[in-house]
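Chain B is fixed; fit chain E onto it per the hints.
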Amino acid sequence: MKDPRVRLRNPVVAALLAFAIPGAGHWYQGRRFKAAIYSVCILTIFVWGMILGGGQPVYSQLIYRSEGMAPTAQLQASAPRMKFSFGYAAQVLVGAPAWPAIIQEMRIRNTDARIDWIDGPIESDFQGLLSSEFGDRTSKIVTGTISLNPANEQGSSIATGTLHAVLADESVRDYSLGGDIKLGREVFGSPRREVRCFVAGQDDEGREVRLQLEGSVSRSFVDWFQAPRDTLELDRLNGALSQNFDIGSVFTWIAGLLNLLAIWDAAEGPAYGYGDEEEIPDDDEPTPAKKTD
Amino acid sequence: MQLAVVYAIPLTAGISLVYCASRFEMPEKIVRSAVLMFVKTIAALVALYLILLYLSR
Numbered sequence: 363m364k365d366p367r368v369r370l371r372n373p374v375v376a377a378l379l380a381f382a383i384p385g386a387g388h389w390y391q392g393r394r395f396k397a398a399i400y401s402v403c404i405l406t407i408f409v410w411g412m413i414l415g416g417g418q419p420v421y422s423q424l425i426y427r428s429e430g431m432a433p434t435a436q437l438q439a440s441a442p443r444m445k446f447s448f449g450y451a452a453q454v455l456v457g458a459p460a461w462p463a464i465i466q467e468m469r470i471r472n473t474d475a476r477i478d479w480i481d482g483p484i485e486s487d488f489q490g491l492l493s494s495e496f497g498d499r500t501s502k503i504v505t506g507t508i509s510l511n512p513a514n515e516q517g518s519s520i521a522t523g524t525l526h527a528v529l530a531d532e533s534v535r536d537y538s539l540g541g542d543i544k545l546g547r548e549v550f551g552s553p554r555r556e557v558r559c560f561v562a563g564q565d566d567e568g569r570e571v572r573l574q575l576e577g578s579v580s581r582s583f584v585d586w587f588q589a590p591r592d593t594l595e596l597d598r599l600n601g602a603l604s605q606n607f608d609i610g611s612v613f614t615w616i617a618g619l620l621n622l623l624a625i626w627d628a629a630e631g632p633a634y635g636y637g638d639e640e641e642i643p644d645d646d647e648p649t650p651a652k653k654t655d
Numbered sequence: 332m333q334l335a336v337v338y339a340i341p342l343t344a345g346i347s348l349v350y351c352a353s354r355f356e357m358p359e360k361i362v363r364s365a366v367l368m369f370v371k372t373i374a375a376l377v378a379l380y381l382i383l384l385y386l387s388r
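Residue numbers (our numbering), protein chains in the order written: chain B, 363 to 655; chain E, 332 to 388.
Don't take every hint at face value.
Computed cross-link-like contacts, DSBU-like style, restricted to lysine-lysine with a CA-CA straight-line distance of at most 30 Å [as the list claims (entries may be wrong)]:
| no. | chain 1 | residue 1 | chain 2 | residue 2 |
| --- | --- | --- | --- | --- |
| 1 | E | 360 | B | 364 |
| 2 | E | 371 | E | 360 |
| 3 | B | 544 | B | 445 |
| 4 | B | 502 | B | 544 |
| 5 | E | 371 | B | 364 |
In case anyone wonders, no lab produced these hints; they're calculated from the structure.
Pulled out of the complex, with its shape left as it was, chain B reads as follows (with noise of 0.2 Å):
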């Protein structure tokens, strides 16, 4: 319903702010109160459901694995099968603070994935399995801090470095590294990136032998915040979060709907009015009898 005494300036300009950012189509417009109440309740929900789903219940793609011998999609080769995600159509709606999900989705489908090579050293934290690449492979849980570092300064598809290991029993090893390497695709939803590289170690009897090192390091915050991710990192966040995970990205989802609500009283001006009409009584009100002499 358009007031006179509602002053919307350039609608279209107005419902444009109010997408890119939730309260900046009224701030432009002078509606300083609407626009204060927008921007908090909106981005504050957002906030929320995203610390709520440890910050990363947004994004735009489901990767599925379609290379049949790359045991995960981190460490596919071609381009992955994606698939839309709809919850992501409502969380767009909220604006600037889910757009880098459209960025992170192009630097996938734009980036080839070389994932056995190494760009340049890593230096990060360790968590996964030592195993012996032939006879029972047994395997051992390992943490630690790992070294990497390609065997030339341009890249190489061969890593050498070290890994200061603590094993399951807290007892401390430093292992080297060297030989082929499979890294996890750099862009990828998830803040572990996948390593696979061969380790000189030791058998029990004290012999030389070449192990298996499976794992993941770190990944930089700009390279998996709400970046397309798999079905495996899905299971992932919700073991570790629980309930969290889901609630938090409803809750996104709610923002951005909310903020539509907002993009439209930005374009056209409140539904019901200025708020000071006179309120019409329901026609299924029944109407006092009148009296009859």
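Then chain E, alone, in the frame of chain B:
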């Protein structure tokens, strides 16, 4: 009562304020109708919670 149930209170407050802000322009009218909507929604949620609690006994 699980902590997640308590999330409904600030969430309802936020939704009520945004919804009523999109209906009216006058600040007093927005706040008054948002408070009314908040109270009605919380009452409905409490009633639903009590019904489900009774049925799950």
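To see whether the hints hold, each was checked on the structure:
1. E:360 / B:364: holds (17 Å)
2. E:371 / E:360: Answer holds: residue 371 of chain E to residue 360 of chain E is near 16 Å, not above 30 Å.
3. B:544 / B:445: OK: residue 544 of chain B and residue 445 of chain B at ~25 Å, within 30 Å.
4. B:502 / B:544: holds (20 Å)
5. E:371 / B:364: With a Cα-Cα distance of about 28 Å, the restraint between residue 371 of chain E and residue 364 of chain B holds, given a limit of 30 Å.
When held up to the earlier numbered hints, the structure conflicts with none and fits them all.
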